[in-house]
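These protein sequence lines map, in sequence, to chains A and B. Residue 438 in my numbering sits at position 72 of the first sequence, and the numbers go up by one each step. Residue 467 in my numbering sits at position 101 of the second sequence, and the numbers go up by one each step.
Please note: incorrect hints may appear among the correct ones.
[Stated by the list, open to error] Computed cross-link-like contacts, DSSO-like style, restricted to lysine-lysine with a CA-CA straight-line distance of at most 30 Å:
1. K417(B) / K670(A)
2. K380(B) / K608(B)
3. K408(A) / K380(B)
To be clear, the hints were calculated from the coordinates, so they are not data collected in a lab. Source: prediction; values computed, not measured.
There are 2 protein chains.
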Amino acid sequence: MFEFRIVAVDAETKARAGELVTPHGVVETPVFMPVGTQGTVKTLAPSDLQKIGARIILSNAYHLYLRPGTELIREAGGLHRFMGWDGAILTDSGGFQVFSLARLNRITEDGLEFQSHLDGSRHFMSPEQNVAIQRDIGADIIMALDECVAYPAERSYAARSHELTLRWAERALSAWRERPGQQSLFGIVQGATYADLRRESAAALAGMEFPGYAIGGLAVGEPKGAMREMVAAAVEELPETKPRYFMGQGFPEDIIDSVIQGIDMFDCVMPTRNARKGSVFTSGGRLVVKNAAYAGDRGPMDPKCTCYACRNFSRGYIRHLFAADEMLGARLASLHSLTFYATMMREMRVAIVEGSFGRWRRSFLSKYEDGGGSGAEAN
Amino acid sequence: MFEFRIVAVDAETKARAGELVTPHGVVETPVFMPVGTQGTVKTLAPSDLQKIGARIILSNAYHLYLRPGTELIREAGGLHRFMGWDGAILTDSGGFQVFSLARLNRITEDGLEFQSHLDGSRHFMSPEQNVAIQRDIGADIIMALDECVAYPAERSYAARSHELTLRWAERALSAWRERPGQQSLFGIVQGATYADLRRESAAALAGMEFPGYAIGGLAVGEPKGAMREMVAAAVEELPETKPRYFMGQGFPEDIIDSVIQGIDMFDCVMPTRNARKGSVFTSGGRLVVKNAAYAGDRGPMDPKCTCYACRNFSRGYIRHLFAADEMLGARLASLHSLTFYATMMREMRVAIVEGSFGRWRRSFLSKYEDGGGSGAEAN
Numbered sequence: 367m368f369e370f371r372i373v374a375v376d377a378e379t380k381a382r383a384g385e386l387v388t389p390h391g392v393v394e395t396p397v398f399m400p401v402g403t404q405g406t407v408k409t410l411a412p413s414d415l416q417k418i419g420a421r422i423i424l425s426n427a428y429h430l431y432l433r434p435g436t437e438l439i440r441e442a443g444g445l446h447r448f449m450g451w452d453g454a455i456l457t458d459s460g461g462f463q464v465f466s467l468a469r470l471n472r473i474t475e476d477g478l479e480f481q482s483h484l485d486g487s488r489h490f491m492s493p494e495q496n497v498a499i500q501r502d503i504g505a506d507i508i509m510a511l512d513e514c515v516a517y518p519a520e521r522s523y524a525a526r527s528h529e530l531t532l533r534w535a536e537r538a539l540s541a542w543r544e545r546p547g548q549q550s551l552f553g554i555v556q557g558a559t560y561a562d563l564r565r566e567s568a569a570a571l572a573g574m575e576f577p578g579y580a581i582g583g584l585a586v587g588e589p590k591g592a593m594r595e596m597v598a599a600a601v602e603e604l605p606e607t608k609p610r611y612f613m614g615q616g617f618p619e620d621i622i623d624s625v626i627q628g629i630d631m632f633d634c635v636m637p638t639r640n641a642r643k644g645s646v647f648t649s650g651g652r653l654v655v656k657n658a659a660y661a662g663d664r665g666p667m668d669p670k671c672t673c674y675a676c677r678n679f680s681r682g683y684i685r686h687l688f689a690a691d692e693m694l695g696a697r698l699a700s701l702h703s704l705t706f707y708a709t710m711m712r713e714m715r716v717a718i719v720e721g722s723f724g725r726w727r728r729s730f731l732s733k734y735e736d737g738g739g740s741g742a743e744a745n
Numbered sequence: 367m368f369e370f371r372i373v374a375v376d377a378e379t380k381a382r383a384g385e386l387v388t389p390h391g392v393v394e395t396p397v398f399m400p401v402g403t404q405g406t407v408k409t410l411a412p413s414d415l416q417k418i419g420a421r422i423i424l425s426n427a428y429h430l431y432l433r434p435g436t437e438l439i440r441e442a443g444g445l446h447r448f449m450g451w452d453g454a455i456l457t458d459s460g461g462f463q464v465f466s467l468a469r470l471n472r473i474t475e476d477g478l479e480f481q482s483h484l485d486g487s488r489h490f491m492s493p494e495q496n497v498a499i500q501r502d503i504g505a506d507i508i509m510a511l512d513e514c515v516a517y518p519a520e521r522s523y524a525a526r527s528h529e530l531t532l533r534w535a536e537r538a539l540s541a542w543r544e545r546p547g548q549q550s551l552f553g554i555v556q557g558a559t560y561a562d563l564r565r566e567s568a569a570a571l572a573g574m575e576f577p578g579y580a581i582g583g584l585a586v587g588e589p590k591g592a593m594r595e596m597v598a599a600a601v602e603e604l605p606e607t608k609p610r611y612f613m614g615q616g617f618p619e620d621i622i623d624s625v626i627q628g629i630d631m632f633d634c635v636m637p638t639r640n641a642r643k644g645s646v647f648t649s650g651g652r653l654v655v656k657n658a659a660y661a662g663d664r665g666p667m668d669p670k671c672t673c674y675a676c677r678n679f680s681r682g683y684i685r686h687l688f689a690a691d692e693m694l695g696a697r698l699a700s701l702h703s704l705t706f707y708a709t710m711m712r713e714m715r716v717a718i719v720e721g722s723f724g725r726w727r728r729s730f731l732s733k734y735e736d737g738g739g740s741g742a743e744a745n
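All chains should be modelled from the sequences, with the hints used to inform the complete structure.
Structural data, given as structure tokens:
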């Protein structure tokens, strides 16, 4: 039970409004997925996510495999039941985390040998085992295991690596097809910053007929021009009718830029990580609400926002919570930033449907003056 | 605008059900006040406190005076507006914190000289200044500055100290009467573990005609028998018609014991502090939910509880949140423990009103097997 319906396409760009039909509800796209790495969107309860309007969240197979363990989650009835979330869930395979967080011991044709970042214990994960792990977790959308190369990467290494990722994708697909169940498997386009490799990767994956496609290994420090070029190269080769997910992309202006190129799904830890550190996104740009300058400020974080935090608390109070190291600060800031993202995505979608995407974009970006951009901290 | 109405008195004990009428609503007694030392009940939002059924919370003049500063709170329209809480608030004078947290440099007839526990800055606080500070904060009920002696205390020191507290109480009362406004001032009975001093203290304060009375300096490590004797001595001398508040008392069985003796109000950081460390109160006794033993437990923290945490999450999930150091664990545990206290107080009050307090008590205590008791960590 998985379907992707395109509801509207922008006349001037590749932007599209769609619907992901999942076993846990319909998700409107373009969508930003809040990140709940360890089976919880940090500081927030599922009831908060519902109020924000989130219909899908992201979790991570690497983290859940190590703690609390995928068997425990399976026995608890799957991640939805375990964490009390009845909306849709996408799990990342954890490949990126093995490369960025664990101690990676060896990449072989067969899979990944790594040591846990928690206790140093040794593990091996093949593409097939990774599918089994994500099956136990029970997310609605699961990702094929891939090799993530750091930026910058030599062309020869990037080429070998993306070819390995393709072979792994094929193996993950076979394992998944044996028992597809209720889950959908997405393949991940790699190829570092080489447009021809990206095209090659996307074309090969398209030939395998995955239910959806992701673009991985970007937003990791490469220049914005290169990022845009890689997305364009991948999208060219991917089927129109399938959802496209830009992994780890989270800056508002980069999301808009990617929607223009035909991307439907996004995730990033940056908005919530920054929020926990006292820096939030608002309709007027970024606001470091924990700054002493806001101590006496009686206005809300974002005067245009209708979230619980903005309706009830001043910048001065939230600044006090951060200064006093009170958890409620991180919670209110997270709630606000995710509301900002949900609102932005909803407005964007309405604009695409109503044929006013260009106007909405200019208006949004003119108010939203931000020095940020690519280089998001990834998951 | 402050009134205390006694609604019912138990036939067999001194337990009574009452109503505190405050400028921010009516508070039913006996009541347990959640502690929001720094202007926030740790991990919880005001909307959570409303759902728990809290009608009054406690905050602390010492902490708020140092951070964010009482002038800032006054300019923000008072603590209610600053923290977005429209129920009642009681502020402790902060005397206890000067003794337990700050570096106390000197106690003089005039007041307290101390250094901030945050930055070592030097401060002086007289009983009059303390009233002015609490006036700026704007709580519904404020406390007179007192000297808190540690347990055990020599009789001669305890006598001198409680006499100083009485002189300070008189000065606080004069300062408050000059501009009583919307707030009510409570006097604090001291006298360490000497029954005659407690009686002397209570009788003298009763003569000053405060709107309400507190018993301070207990639940700090003294034996339970001594605690009970001191409460009895104080209550004997306090007027029937005024509310009585046992400061820092928070163990369920000790609260019940004190209600029997005629106490109406309680506060303690222990339930929420323990919750943040993964230990909660349930109808079956205390539960260290973070223990590995609960990893696979699919039942709620307390099967009899109807709070959001118990309706939606298993012990296993909450255990995972603590193991993974996720803030949501502390939040759900705090929500539950405060719900447990609110439910206990509500049931107790209904029993007093309906004439079944003895039966309720026996039933509650038979199910609630707890090795705890006095010796609560105080504020």
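Now for the hints, and whether the structure bears them out:
no., hint, result
1, K417(B) / K670(A), "holds, 27 Å"
2, K380(B) / K608(B), "holds, 14 Å"
3, K408(A) / K380(B), "violated, 47 Å"
The structure is inconsistent with hint 3 alone, although it conforms to all the rest.
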